[in-house]
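Chemist: Chains as they are written, first to last, in this note's numbering: chain A, 1204 to 1292; chain B, 3 to 180.
If you are wondering where the hints come from, they were derived from the structure by calculation, not from laboratory data.
You may find that some hints are simply not true.
[To be verified] If the Cβ cut is set under 10 Å, some of the chain B residues that face chain A in the computed set are:
| id | residue |
| --- | --- |
| 1 | N29 |
| 2 | I42 |
| 3 | V61 |
| 4 | L75 |
| 5 | L83 |
| 6 | A84 |
| 7 | E136 |
| 8 | L149 |
| 9 | I173 |
| 10 | Y177 |
On a predicted model such as this, the values are computed, not experimentally measured, just so you know.
Beta carbons are placed, not taken as given, at the ideal position from N, Cα and C, and that holds for glycine.
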Amino acid sequence: MSSQRSTSSNKITDDELNALILRLQTLLPQLDQSRHGRVSAAKVLNEICSYIRRLQNEVDGLSGRLSQCLDSMDLTGFDAEIVRDLLQQ
Amino acid sequence: MDSQHLNPSSLKSRFTARFLRALIKINAQKPISSSSPREIFQRYRRIKVAADKSMAYSVRSRRTWSRATLWKLRSQSRRRLASSGRRSSIKTRTTTTTTITTTSTNHRAAIVEKTSHEKENKEDHVGLAVQAEELRELVPGGESMDLCNLLDETAHYIKCLTTQVQVMKKIANLYSLE
């Protein structure tokens, strides 16, 4: 990567940027580092965008599912028991 | 991010509690007889808003993206109260770009008009800057972040999204078995 610095106030170092990109890569299950090693930053960002879109669509779909479920849901009997159960894997 | 599932102050717990409270409220508003498709659709919208709002509020560290989400949700509800069906462009406070939000089902599909000085082409990694444009449209508030912040916020945003999906999936599974 060229180290030509611009006069912009965003003097990000290559290292900082690489660290951020690497962290994003670890969030991607499909770009597991043990199998793929270092991946280009552009590819990471590409995958990140697809991943975000997928997650947002999932939230969308789940909202739809819940809106159907709510018809038959009885939430009045709600208590700490259920919440605890929810939060346990 | 906190990964202790039983930790009452973890993001997951905070989100779960808030979201469930919202669901109970939405559930209470439904009619006695079975719902029309239109009612179900409105419920879907309300649930989606509740999910995003619950997550944004649960982000105690006050991230840029969560602030942007809350701001967007508030301005959307204000518009809906003012006059139903009106579609207008909203100038965001924090950015110099114009974001036009529609009341379509995917409220995240904001169309951003980029002004020329938003194109950070003076950055070292020009290729990255181009990729980042797409990311800016996906992460709430992304238009006004510099590249470093954008990447940082993205990591946090993704973690929150996965938590959101995880909890919503569990709730849906729990109640679709009844």
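Chemist: For each hint, tell me whether it holds in the structure or not.
Modeler: Quick rundown of the hints versus the structure:
1. Interface hint status for N29 of chain B: upheld, as the beta-carbon distance to the closest one in chain A is roughly 5 Å, under 10 Å.
2. A distance limit of 10 Å between C-beta atoms decides the matter here; for I42 of chain B the minimum to chain A is near 5 Å, and the interface restraint holds.
3. The interface hint given for V61 of chain B is broken, as the beta carbon of that residue sits about 15 Å from the closest beta carbon of chain A, more than 10 Å.
4. Taking 10 Å as the C-beta contact cut-off toward chain A, the hint placing L75 of chain B at the interface is violated, the least distance being around 14 Å.
5. Contact between L83 of chain B and chain A, as hinted, is not supported at the beta carbon level, the nearest pair being about 22 Å apart and thus beyond 10 Å.
6. Annotation: interface hint on A84 of chain B violated; nearest CB of chain A at approximately 25 Å, more than 10 Å.
7. Because the smallest distance between the Cβ of E136 of chain B and any Cβ of chain A comes to about 5 Å, under 10 Å, the interface hint for this residue holds.
8. With its C-beta approaching chain A no nearer than about 6 Å, L149 of chain B sits inside the 10 Å limit, and its interface hint holds.
9. Here the hint on I173 of chain B is kept, as its CB sits about 7 Å from the closest CB of chain A, short of 10 Å.
10. At about 5 Å, the closest approach between the beta carbon of Y177 of chain B and any beta carbon in chain A falls short of 10 Å, and the interface hint on this residue holds.
Hints 3, 4, 5, 6 from the earlier list are contradicted by this structure; the remaining hints agree with it.
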